[in-house]
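Colleague: So the chains spell out like this:
Protein chains: 2
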Amino acid sequence: MVMIVEQGGFMYRIGELAKQCEVKADTLRFYEKHGLLTPSSRSDSGYRLYNDNDVERLRFILRAKAVGFTLAEITELLSIELDKSNWACADVKGLVDSKLAYVNERITELNHFQVSLQRLSDACCGGPESAEHCSILEALESNTDNIKCENHAHDHDASEYTKNCQSKG
Amino acid sequence: MVMIVEQGGFMYRIGELAKQCEVKADTLRFYEKHGLLTPSSRSDSGYRLYNDNDVERLRFILRAKAVGFTLAEITELLSIELDKSNWACADVKGLVDSKLAYVNERITELNHFQVSLQRLSDACCGGPESAEHCSILEALESNTDNIKCENHAHDHDASEYTKNCQSKG
DNA sequence: CTTGACCTTGGATTTAACTCTAAGGTTTAT
DNA sequence: ATAAACCTTAGAGTTAAATCCAAGGTCAAG
Numbered sequence: 001m002v003m004i005v006e007q008g009g010f011m012y013r014i015g016e017l018a019k020q021c022e023v024k025a026d027t028l029r030f031y032e033k034h035g036l037l038t039p040s041s042r043s044d045s046g047y048r049l050y051n052d053n054d055v056e057r058l059r060f061i062l063r064a065k066a067v068g069f070t071l072a073e074i075t076e077l078l079s080i081e082l083d084k085s086n087w088a089c090a091d092v093k094g095l096v097d098s099k100l101a102y103v104n105e106r107i108t109e110l111n112h113f114q115v116s117l118q119r120l121s122d123a124c125c126g127g128p129e130s131a132e133h134c135s136i137l138e139a140l141e142s143n144t145d146n147i148k149c150e151n152h153a154h155d156h157d158a159s160e161y162t163k164n165c166q167s168k169g
Numbered sequence: 001m002v003m004i005v006e007q008g009g010f011m012y013r014i015g016e017l018a019k020q021c022e023v024k025a026d027t028l029r030f031y032e033k034h035g036l037l038t039p040s041s042r043s044d045s046g047y048r049l050y051n052d053n054d055v056e057r058l059r060f061i062l063r064a065k066a067v068g069f070t071l072a073e074i075t076e077l078l079s080i081e082l083d084k085s086n087w088a089c090a091d092v093k094g095l096v097d098s099k100l101a102y103v104n105e106r107i108t109e110l111n112h113f114q115v116s117l118q119r120l121s122d123a124c125c126g127g128p129e130s131a132e133h134c135s136i137l138e139a140l141e142s143n144t145d146n147i148k149c150e151n152h153a154h155d156h157d158a159s160e161y162t163k164n165c166q167s168k169g
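Line by line, the protein sequences give chains A and B. Mapping the first sequence onto the numbering used here, position 21 (from 1) lands on 21, and the numbers just tick up by one. Mapping the second sequence onto the numbering used here, position 100 (from 1) lands on 100, and the numbers just tick up by one.
Treat each hint with caution, since some may be false.
Unchecked claim - Chain A regions said to be covered by chain B (calculated; three or more residues, Cβ under 8 angstroms):
{"no.": "1", "stretch": "60 to 73"}
{"no.": "2", "stretch": "83 to 93"}
{"no.": "3", "stretch": "98 to 105"}
{"no.": "4", "stretch": "123 to 129"}
{"no.": "5", "stretch": "135 to 143"}
To be verified - Lysine to aspartate or glutamate pairs mimicking EDC-like chemistry, simulated, CA-CA at most 20 angstroms apart:
{"no.": "6", "chain 1": "A", "residue 1": "K84", "chain 2": "B", "residue 2": "E141"}
{"no.": "7", "chain 1": "B", "residue 1": "K84", "chain 2": "A", "residue 2": "D26"}
{"no.": "8", "chain 1": "B", "residue 1": "K24", "chain 2": "B", "residue 2": "D54"}
Rather than coming from a laboratory, the hints here were simulated on the basis of the structure. Positions of the beta carbon are idealized from the N, C-alpha and C atoms, including for glycine.
Just need the whole structure built from these sequences, with the hints factored in.
Modeller: This is the structure:
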């Protein structure tokens, strides 16, 4: 690795920064195009050169992503970060809280999916029986959310596969 | 509304079916283009005509969507539904269970976001104080996940806004 | 006979965050 | 001197599920 020394710190080329922060070089170019992270300088041949400050900014972005912020929201956070004294805690907390509300909504929605899917799964024996009497399909065909368990009366011994149903009464 | 009578049932034009099932006509055309729902006939002038069977199929699609399936997955479910005897319960349950696993993963991810965001929110007073010492920004700047509470020492009386912090020790 | 509501088609646009391609320049090692 | 690994740019493609648009045909009411 070639270290290009600025006053007091290292300069990284795009690939080096990418490896260091476990993102792709493409991603860094994308962030630049969208105004999130512009390298502080360029080499004579036009290569992007990132300094320690840029690295910190990238880490800020990645941390914000890790807690669920979109790039648009991170752009807002960054503009506050660079001009802190003209913003209040209320502004920052507002961003966090509205994200929190959104995340809670998504969790609620997914929990509904989870419950419904679990109920469907529990009602089905999951065995090699024909799907002609499959509880899952029947539930999706009917307009009730009342799911019946299967009761396969088949040519083969279904005892191994109906225990799932039996256990639910 | 004009009812066009097929043998034994009604026929709906696209707008009628859309209203009845609370989707847009565009959505029905989209479903058709993607092979999920093709109207059983057309009028002389080329209008789509849906019969009761088509309505049932649409309801199946909407129920499957309501439990979290994507249209690609619903396509699979529909192909099983139309040829039940050649599929086993295991096939159907497999679809449900892999969706369930995916939903559980997404819930886990969102729960991480939720916890992180809640911690950030709790650490910030959310008041009119300058964001210069905002705990949220500081947490995003630093590489620890240890979040410190704010301790604003300001010109104005911050007692109302620091109680959030005080309560956390 | 015209107005307005409805329908047709093909194709473009939206959102988010990349990811990839092509065509070419730079650097470093051999 | 040349190959490998790196970099540049502009721009296209990806995914999901619609949603919108334009230009035009159909149909019932007044």
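Colleague: Are the hints correct? Go through all of them and say.
Modeller: Hint check results:
Coverage of the stretch 60 to 73 of chain A by chain B holds in this model, with 6 residues showing a Cβ closer than 8 angstroms to a Cβ of that chain against a need of three. Under the rule that three or more residues need a Cβ within less than 8 angstroms of chain B, the assignment of the stretch 83 to 93 of chain A holds, with 9 such residues. Counting residues of the stretch 98 to 105 of chain A whose CB lies closer than 8 angstroms to any CB of chain B gives 4, so the stated coverage by that chain holds, three being the minimum. Using a Cβ-Cβ cut-off of 8 angstroms, 6 residues of the stretch 123 to 129 of chain A lie near chain B, which meets the minimum of three, so the contact claim holds.
With a threshold of 8 angstroms between beta carbons, the proposed coverage of the stretch 135 to 143 of chain A by chain B holds, since 6 of its residues qualify and at least three are required. Pair hint K84/A plus E141/B holds up; C-alpha atoms about 13 angstroms apart against a cutoff of 20 angstroms. Our distance criterion of 20 angstroms between C-alpha atoms is broken by K84/B and D26/A, whose separation comes to about 47 angstroms. For the proposed pair K24/B and D54/B, the alpha carbon gap of about 16 angstroms is at most 20 angstroms, so the pair holds.
The earlier numbered hint that this structure contradicts is number 7, and it is the only one.
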